[in-house]
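Peer 1: The primary structure of each chain is shown beneath.
Number of protein chains: 2
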Amino acid sequence: MLVLITYDVSTISDGGKKRLRRVAKKCEDFGVRVQNSVFECIVDAAQLKSLEIELEELIDPAVDSLRFYKLGNNHKYKVKHIGAKQSLDVEGPLIF
Amino acid sequence: MLVLITYDVSTISDGGKKRLRRVAKKCEDFGVRVQNSVFECIVDAAQLKSLEIELEELIDPAVDSLRFYKLGNNHKYKVKHIGAKQSLDVEGPLIF
Numbered sequence: 001m002l003v004l005i006t007y008d009v010s011t012i013s014d015g016g017k018k019r020l021r022r023v024a025k026k027c028e029d030f031g032v033r034v035q036n037s038v039f040e041c042i043v044d045a046a047q048l049k050s051l052e053i054e055l056e057e058l059i060d061p062a063v064d065s066l067r068f069y070k071l072g073n074n075h076k077y078k079v080k081h082i083g084a085k086q087s088l089d090v091e092g093p094l095i096f
Numbered sequence: 001m002l003v004l005i006t007y008d009v010s011t012i013s014d015g016g017k018k019r020l021r022r023v024a025k026k027c028e029d030f031g032v033r034v035q036n037s038v039f040e041c042i043v044d045a046a047q048l049k050s051l052e053i054e055l056e057e058l059i060d061p062a063v064d065s066l067r068f069y070k071l072g073n074n075h076k077y078k079v080k081h082i083g084a085k086q087s088l089d090v091e092g093p094l095i096f
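Protein sequence lines correspond, in order, to chains A and B. Sequential numbering of the first sequence, starting at 1, is according to full-length UniProt numbering. Sequential numbering of the second sequence, starting at 1, is according to full-length UniProt numbering.
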């Protein structure tokens with residue numbers, strides 16, 4: 001299923017930039033960055049659970065936040081992009 | 001239905017900060033800010049169309065982007081929040 005992950009990491013707090021890099025890196029293992037703090041990941045339920053736990057360990061819950069939105073499998077008609085940097089179709093064929 | 005709106009506005013480009021303020025202000029008219037660049041809005045199809053058009057006019061499509069994710073009506077079980085600043089339930093009663 002498609003899961004949208006959005007995050008706010010407080011880069012003005014101690015170690016914030018490091019946490020931000022780590023959160024982005026972890027999300028990159030599972031999906032595509034579509035905006036600065038927004039990733040679209042194709043995961044099954046077990047992967048999602050594991051990803052939630054790993055990301056939770058990377059953030060400072062007092063100042064940072066993570067949100068997970070389950071968009072299901074029939075998601076092609078649920079997403080609209082306007083403007084710069086159109087995302088890849090994470091499930092489509094890669095054509096160069 | 002619940003629509004998630006995420007945006008990247010390039011604040012280093014000319015007029016970027018102004019565009020960012022305007023985009024946030026417009027989104028505030030329809031929903032709740034849950035993260036810095038993430039809003040959850042309860043809109044019907046006509047309101048969504050109108051919001052898309054209005055937001056598109058506020059951004060610079062060469063450097064900024066907007067994404068709209070339709071989460072439908074049965075969205076309570078699709079969203080998980082971890083960490084700081086839990087959002088309001090935009091459809092629930094306001095209890096102070």
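No wet-lab data here; the hints were simulated from the structure. Wrong hints could be hidden among the right ones.
Which copy is meant is left open, so a pair is good if it fits within one copy or across any two.
The calculated DSSO-like cross-link candidates involving lysine-lysine, where the alpha carbons are at most 30 Å apart (straight line), are [claimed, not checked]: (1) Lys18 / Lys78; (2) Lys76 / Lys18; (3) Lys49 / Lys78; (4) Lys18 / Lys49; (5) Lys78 / Lys17; (6) Lys70 / Lys18.
Fair warning: this is a prediction, and the values are worked out from it, not measured in the lab.
Peer 1: All hints, please: hold or fail.
Peer 2: Going down the list of hints, with the structure as the test:
For the homomeric pair Lys18 and Lys78, the shortest alpha-carbon distance between copies (29 Å) is at most 30 Å, but the shortest distance inside one copy (33 Å) is not. In this assembly of identical chains, Lys76 and Lys18 lie within 30 Å of each other by CA distance neither inside one copy nor across copies; the values are 33 Å within and 32 Å between. In this assembly of identical chains, Lys49 and Lys78 lie within 30 Å of each other by CA distance both inside one copy and across copies; the values are 23 Å within and 13 Å between. Within a single copy, Lys18 and Lys49 get their C-alpha atoms as close as 23 Å, which meets the 30 Å cut-off; across copies the closest is 39 Å, which misses it.
For a Cα distance limit of 30 Å, the shortest separation of Lys78 from Lys17 across copies, 29 Å, qualifies, whereas the shortest one inside one copy, 32 Å, does not. Taking identical chains as interchangeable, the C-alpha atoms of Lys70 and Lys18 lie at most 30 Å apart only when both belong to the same chain, with a minimum of 27 Å there against 32 Å between chains.
Violation of the numbered hints given earlier is confined to hint 2; every other hint is satisfied by the structure.
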